[in-house]
Amino acid sequence: MPASGSSSGRAVWAILRKECRSEWRTRYGLNAALLFAVTSLASTSFAVGRMSDRTDVLAALLWVVLLFAALASLAHTFVRETEGHTMTLLRLVATPTSIALGKLLFNLLFLISIELVTVPLFLIFMGAPAPRWGPLLAILGLGSLALGAGATLVAAIIAQTRGRGALFAGVSFPVLLPILAAAVSGTRAQWSGAPVTAELRLLAAYAVALLAASLLLYDHLWEDA
Amino acid sequence: MSAALGDEGVTVEARALTHRYGHRAVFERLSFSFRGPGIVAVRGPNGSGKSTLLRLLAGLLRPSSGESALTAGGRTIPPRERHRWIGYAAPDLAFYPELTALENLSFAAEARGLSSPAKRGRERLRKVGLEGRENERADALSSGMAQRLRLAFALLDDPPLLLLDEPGSHLDDEGRRSLASWIGDEGSRRLVMIATNDEREGALAGQRVELGSRGVGDPA
Amino acid sequence: MIARGLLLLWIAGWIVAAFLWAPLVPVLGETTRVLYFHIPAAWVTVLALGWSMVHSLLYLKRRNLEHDHQAAAAAEIGLLFCVVATVSGALWAKAMWGAYWNWDPRETSIFFLLLIYAAYLALRSAIDQPERRARLAAVYSGIAFVSVPFLIFVVPRIYFSLHPDPLINPRGKVDMDPRIRVVFFALLVGFTMLFFWVQSLRVRVARVEHRRQGSVA
Numbered sequence: 001m002p003a004s005g006s007s008s009g010r011a012v013w014a015i016l017r018k019e020c021r022s023e024w025r026t027r028y029g030l031n032a033a034l035l036f037a038v039t040s041l042a043s044t045s046f047a048v049g050r051m052s053d054r055t056d057v058l059a060a061l062l063w064v065v066l067l068f069a070a071l072a073s074l075a076h077t078f079v080r081e082t083e084g085h086t087m088t089l090l091r092l093v094a095t096p097t098s099i100a101l102g103k104l105l106f107n108l109l110f111l112i113s114i115e116l117v118t119v120p121l122f123l124i125f126m127g128a129p130a131p132r133w134g135p136l137l138a139i140l141g142l143g144s145l146a147l148g149a150g151a152t153l154v155a156a157i158i159a160q161t162r163g164r165g166a167l168f169a170g171v172s173f174p175v176l177l178p179i180l181a182a183a184v185s186g187t188r189a190q191w192s193g194a195p196v197t198a199e200l201r202l203l204a205a206y207a208v209a210l211l212a213a214s215l216l217l218y219d220h221l222w223e224d225a
Numbered sequence: 001m002s003a004a005l006g007d008e009g010v011t012v013e014a015r016a017l018t019h020r021y022g023h024r025a026v027f028e029r030l031s032f033s034f035r036g037p038g039i040v041a042v043r044g045p046n047g048s049g050k051s052t053l054l055r056l057l058a059g060l061l062r063p064s065s066g067e068s069a070l071t072a073g074g075r076t077i078p079p080r081e082r083h084r085w086i087g088y089a090a091p092d093l094a095f096y097p098e099l100t101a102l103e104n105l106s107f108a109a110e111a112r113g114l115s116s117p118a119k120r121g122r123e124r125l126r127k128v129g130l131e132g133r134e135n136e137r138a139d140a141l142s143s144g145m146a147q148r149l150r151l152a153f154a155l156l157d158d159p160p161l162l163l164l165d166e167p168g169s170h171l172d173d174e175g176r177r178s179l180a181s182w183i184g185d186e187g188s189r190r191l192v193m194i195a196t197n198d199e200r201e202g203a204l205a206g207q208r209v210e211l212g213s214r215g216v217g218d219p220a
Numbered sequence: 001m002i003a004r005g006l007l008l009l010w011i012a013g014w015i016v017a018a019f020l021w022a023p024l025v026p027v028l029g030e031t032t033r034v035l036y037f038h039i040p041a042a043w044v045t046v047l048a049l050g051w052s053m054v055h056s057l058l059y060l061k062r063r064n065l066e067h068d069h070q071a072a073a074a075a076e077i078g079l080l081f082c083v084v085a086t087v088s089g090a091l092w093a094k095a096m097w098g099a100y101w102n103w104d105p106r107e108t109s110i111f112f113l114l115l116i117y118a119a120y121l122a123l124r125s126a127i128d129q130p131e132r133r134a135r136l137a138a139v140y141s142g143i144a145f146v147s148v149p150f151l152i153f154v155v156p157r158i159y160f161s162l163h164p165d166p167l168i169n170p171r172g173k174v175d176m177d178p179r180i181r182v183v184f185f186a187l188l189v190g191f192t193m194l195f196f197w198v199q200s201l202r203v204r205v206a207r208v209e210h211r212r213q214g215s216v217a
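Residue numbers (the working numbering), protein chains in the order written: chain V, 1 to 225; chain B, 1 to 220; chain P, 1 to 217.
Treat the hints with caution; some may be incorrect.
So the derived label-pair ranges between C-beta atoms look like this [claimed, not checked]: (1) Leu188/P with Glu81/B: 22 to 32 Å; (2) Gly132/B with Gly127/V: 56 to 66 Å; (3) Ser125/P with Gly38/B: 44 to 54 Å; (4) Cys20/V with Arg177/B: 36 to 46 Å; (5) Ser125/P with Glu67/B: 31 to 41 Å; (6) Val16/P with Arg62/B: 48 to 58 Å; (7) Arg80/B with Arg25/V: 26 to 36 Å; (8) Ala95/P with Arg80/B: 55 to 65 Å; (9) Ala204/V with Arg80/B: 23 to 33 Å; (10) Asn197/B with Val64/V: 56 to 66 Å; (11) Asp173/B with Ala122/P: 45 to 55 Å; (12) Ala166/V with Glu199/B: 49 to 59 Å; (13) Cys20/V with Lys119/B: 14 to 24 Å; (14) Ser125/P with Leu35/V: 22 to 32 Å.
Simulated from the structure, these hints should not be mistaken for laboratory data.
The structure presented is a predicted model; accordingly, all values stated were derived computationally and were not measured.
Just so it is clear, CB atoms sit at the ideal spot from N, CA and C, and this is done for glycine as well.
Go ahead and model the full structure; you've got the sequences and the hints to work with.
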C-alpha cells in the first residue's frame, strides 16, 4: 500500500532538493540571473549616476531591476522540465500541488539569492541613503513571496506553450504589477520615514490570494501529453 | 513501506473511454475490466492508441470522454493519487540528465514517500542489471540501459499495477528474453498491462485489449 | 434581422439625441458628449472580462469547448472596447486637463485591463491544440481574476486622482440632469446589446473554425 498524506511534505522537500541539486550541477540558471541583475544594475547606475536625494526614483529602479531578474530566470525551473521531457517522471512521483510547492520554494530561494547580491550592490552603486532595514527587509520578503507565487504559476503555464521569455514577461506582467506598485511605494516610504504597514498588508494579502488560487488551479495545469 | 499484495486485489477498468486528438478519435467507447494479478496485452497497429491508453490509465492524460478507474481494496483511487499505485515505463519517460541513475531513483522514491530511498533505488538497479551504473549520469546511459532504468523506476514501490509501453524497446535479444521471463514472473504477483506488438511478449498475456483502426477494443 | 435593425436604430437615435437633445454639463462643456461613449465602453470592457472569466471557470469544471469559445470571443471584444475606452478617455483628458495621459486611477485601471486582455490573447496565440489552449487560458483567467481587484484598488492609493469624481460616480448615484441620464443609460443599454450581438457572432465563427479544423486534419 502506498504511503499516505504526510508524503506530500516529503514530496515537496524531495523536489526542492532535486531542484537545488540540478541547479548546482548545471548552474547556468543562477549564473545567468546574477549576470543579468548585475548588468541591469550597472547600466542603470551608469546612465543615472548617484541618486541619493531621489528616493522615489531609487525605489522604482530597485524593483525594476529585481523584476527584470525575476522575469529572466524564474521560468527556467519549468522550462527545463518541459525541454528535458521530465514532466512525466515528475507527475508520476508527486501530486500537482506538491510539484507546485516544491518549485515555488525553489524559486523563492533563487530570488533571495539574487537579492542578497543585487540589493547591497544597488544601495552602493546608486548612492542610496541608509535604509530602515526592518521595513525594507519586510517588503523584500513579502514582495519576493508574492513575486515567486505569481511568477511560478505563470511559468508553469508558459512552459507548455510555444512561447518562451518574451511571452513569460508579457503574460506575467499584469499579475506581478500590484506587487511592483506596492513594493515600490513601500520602499519609497521606508526611506521617507513613513510607515509601510499598508503596503505590507497589501503584499501579504496578494501573496495569500495568489497562493490560494494556485492551490485550486495547479490541479488543472498538467493533464495532457 | 511497500505495497502489500496478495489480499489487495487491484482492478483496472475503462468505461466508455474515448480519446481524441483534435477531431481524430484514437479510440471510442472502450470498455474493459481487469483484475490482478495477471498479464494483459494491449495490441494494435501503430497509432491505434496503445500508448495513449496506458497514459490515460496512469492518470497522465484526461480522457476526452468516459472514464478509467483504478480500484484497490474496494476503494476507487482518485486520479491525482493514481501515481502512487502504478508503475509506468514508456519510451517517453525521460530522466534528469544531470542526475545519476541512482539519484533519479532515490528522488522518485523519496518524493513518493518511500522508506530508505537510496537503498531501495540500489536494490531496483540490481534487479534490472544496472548495479554497476549507479553513479553514472542518466544522460551517459545507453538506450538499452536507459530502458532498464525505466523498468527499475516502474518497479520502485512494488506497485499493484504495472503499465509497460513497449518494454522491450532498445533491449538486445538477451535482454528481451530475460524481460519476457521477468514479465511472466511479475504477472503472478501483480497486474501487468503491456502495450506491445512483440509476439513473444504478447504470448505471455492471458487477456488482450485489441485496438484497431476502428478504435473499438475488446478484451479477448 | 429585425433585432439588428432595431439595435442600430436605437444606438443611432440616441447618439443623435446625445448631440441635439441632451444638455451639457456645465463643468465639462462640449466634452460632456464623451461620457456617452467612454463610460459605456468601459462598462462593456468590464462586462466582457467578467463574461470571459466566468466561462473560463465553467470550462475548467465542465470541459465543454463551447465555454472556451465564449471566453475567447469575449476577450477579443473586450479588448476592442477597452481600446475605445482608453482612447476616448485619453482624448477627454486632453480636452479637459491638457494631457493625454496622467496615470490617474481610472486611466491606470483601464490600462491594466488592456494589459490583461493582451496577455490573455497573447497566451492563446502561443498554443496550437484547442483543449490545451482552452485549459491554460482558463487557468490564466483564474490568476487574472485574483489580480484584477488588486489592480483596481492598489492604484488609487498610490496615484492621485484627476477624475471628476463628484460628478460621475459609477459606483454610486449619478448626479446628472435627467436628460443626460436618459441618454446615458440608453446608450449603456445599447452598448451592452451591441456586445452580446457581436459576441454571438464571434462565437459562431469560433464554432465553425473548430469544425473546419477537424475536417482539414
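Each hint, compared with the structure:
no., hint, result
1, Leu188/P with Glu81/B: 22 to 32 Å, "violated (50 Å)"
2, Gly132/B with Gly127/V: 56 to 66 Å, "holds (60 Å)"
3, Ser125/P with Gly38/B: 44 to 54 Å, "holds (48 Å)"
4, Cys20/V with Arg177/B: 36 to 46 Å, "holds (41 Å)"
5, Ser125/P with Glu67/B: 31 to 41 Å, "holds (32 Å)"
6, Val16/P with Arg62/B: 48 to 58 Å, "holds (54 Å)"
7, Arg80/B with Arg25/V: 26 to 36 Å, "holds (30 Å)"
8, Ala95/P with Arg80/B: 55 to 65 Å, "holds (57 Å)"
9, Ala204/V with Arg80/B: 23 to 33 Å, "holds (29 Å)"
10, Asn197/B with Val64/V: 56 to 66 Å, "holds (58 Å)"
11, Asp173/B with Ala122/P: 45 to 55 Å, "holds (52 Å)"
12, Ala166/V with Glu199/B: 49 to 59 Å, "holds (51 Å)"
13, Cys20/V with Lys119/B: 14 to 24 Å, "holds (22 Å)"
14, Ser125/P with Leu35/V: 22 to 32 Å, "holds (31 Å)"
In summary, the one numbered hint that this structure violates is 1.
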